[in-house]
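Here the protein sequences line up with chains V and G, keeping their order. Count along the first sequence from 1, then add 761; that gives the number in our numbering. Count along the second sequence from 1, then add 761; that gives the number in our numbering.
Bear in mind the hints are in silico, worked out from the structure with no lab data behind them. Be a bit skeptical, because a hint or two may be false.
As the list claims (entries may be wrong) - Lysine-lysine pairs mimicking PhoX-like chemistry, simulated, CA-CA at most 25 Å apart: (1) G/K875 x V/K1076; (2) G/K934 x V/K791; (3) V/K849 x V/K821; (4) G/K1027 x V/K1027; (5) G/K821 x G/K849; (6) V/K849 x V/K875; (7) V/K934 x G/K1027.
2 protein chains.
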Amino acid sequence: MSHYNLALIGFGNVGKAFARLLLSKQDSLKADYEISFAVTAITTGSHGSAIDAEGIDLEKAIDLVESGGSLDELSTTVVPENMVSLLKAAQAQVLFENTPVSYDSGQPAIDTIKAALNNGIHAVTANKGPVVHAYQELTELAEANNVRFYFESTVMDGAPVFSLGRSGLPAAKVLAFKGVLNSTTNLILSQMEGGQSFDEAVAYAQSIGIAETDPSGDVDGWDAAIKVAALMTVLMGIPMNPDAVDRKGIGEISSAEIEAAQQEGKRWKLVCSAERHDGHVHASVAPEMVGPESPLFIIDGTTSIVQLETDVLGKLSLIEEDPGPHTTAYGLLADFINAVSSN
Amino acid sequence: MSHYNLALIGFGNVGKAFARLLLSKQDSLKADYEISFAVTAITTGSHGSAIDAEGIDLEKAIDLVESGGSLDELSTTVVPENMVSLLKAAQAQVLFENTPVSYDSGQPAIDTIKAALNNGIHAVTANKGPVVHAYQELTELAEANNVRFYFESTVMDGAPVFSLGRSGLPAAKVLAFKGVLNSTTNLILSQMEGGQSFDEAVAYAQSIGIAETDPSGDVDGWDAAIKVAALMTVLMGIPMNPDAVDRKGIGEISSAEIEAAQQEGKRWKLVCSAERHDGHVHASVAPEMVGPESPLFIIDGTTSIVQLETDVLGKLSLIEEDPGPHTTAYGLLADFINAVSSN
């Protein structure tokens, strides 16, 4: 049995879902993977923080945060401001970084992850920022310290996209991919097909908690471009900044165009794509009319898909239905198991 | 660099495609996996056999077999009849079993694989027979000898179905799956949607080399039932014999029924499914009308799909387009890399 101390930096919807999943899977981790764990640090932005090197009671932590209390009362020590000191006080072996992050800089997530890796601590995140802005640096830092930097949940939640690229297709070369990777825009387009106006569809997506108050990051294709950059960087080995992705959002698609596509038996999708041919690389996010000959055609609402073109197989697609915080949490759990099992 | 001697038992379309893939990937295996190899044995049913412990020239072997010659001339020694003696003479570390196999008994593949595993040799096969009839026994034998028994190519060719279940979804429990797993019947149904009669569609599938002269193994759902049994055994950990799969083929679907489904916006598919609920297990192969809300709806011609229901994610689907001997060969290569990398 190997024992690991876990530090949860950030304890919002994803962090809490991860804590619940850890509780429900602790017996199976012991039985099937010989892994035991204690969560020895939890930090939040507005609900206090706790360190207990003997292990924090996760049920209590969830209850406290959900009832508006503070984690401070669970702490056996003063929680250091400095991340390195915090991780040392928690005697952490695995960091889970799930705090609000700036898309532009990837901070503070990048610095938090560096603090972990530099001290021989595995780092797992559901934040895209660190992957997009510092994948190469963080991966090299992890290797130098004989630990892992994993981020399965950043694209298609817990669906094993990155692990497929890392180990599921050995000796295969990814030549190109296509996908529908942004739930909000796909939901908006699906609602417009049902007769809603663009504004009504946005309002609906907001009302069910999918779209943010300012939906422009999704609607303008920015979130999708970040995902394209992350997939291209990791699956194709081509470092790419999201700014370099040709990007067009769904704002200009009219209800009339949606209807015209339907009459042709087609659907508008915000298509992510990337390819390399003879050393030339191209990545884009743009609305496309898709027919039923493509698996992208049936991607409804918040479902997502990535279709890989490799040198060894026909097109291979992965589809994830019904995403949510619990599926993001599963990506973190898979990263944890894969990270500690890979040494 | 680790060096492996490979024995190819069977050298038909799949064996030759595998030899070509080995040639094209030998540099990448060295550079990315520190694996070098020599094929030290090749046996065929009607084109002779060869053993050369220094390595057989694969280009020559392919040319000889394709021009109707005999591999005997490449052999540096008399090829033993007995499999154990043969593998020893070849100093093999990995066996690739791809000979014609009896669906009813899984022989001679099972005995060939046992000979390898008993002697500490990894065994890889694209034949379903050994998985269906002896998965438990062969897997235990492999474990006892600290080697691997892998068979990625038996379902959906080289698509990573089994490796997804083995390592891609750690700590996940597969509760159920659905799929379209038999290319021949799916092609026949697709052709019938295009207006062909059942007999015309079968003749077409035969003319392009997809259906066999006697298509009953596919049409009656037997091939699909074998795949359901293999997936259930491996992904769900429930040993199942294909005879225990409720099975109904596509023979009774009329052109009128196909057309009626189309008019409803649906399609007939030969659906493979399995589920467990509260200890109760059920597996079936049966024609079903599928609507566009399911990813099975867009599976055309020889494309295949498996949709997994787990306890941790929403439904997760894997779709493989354009299968062929080269994609089956890729499954063998992936098994080879995974087997020798897993120790």
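* To do: Check each numbered hint against the structure and report the violated ones by number, ascending.
  => 1, 7
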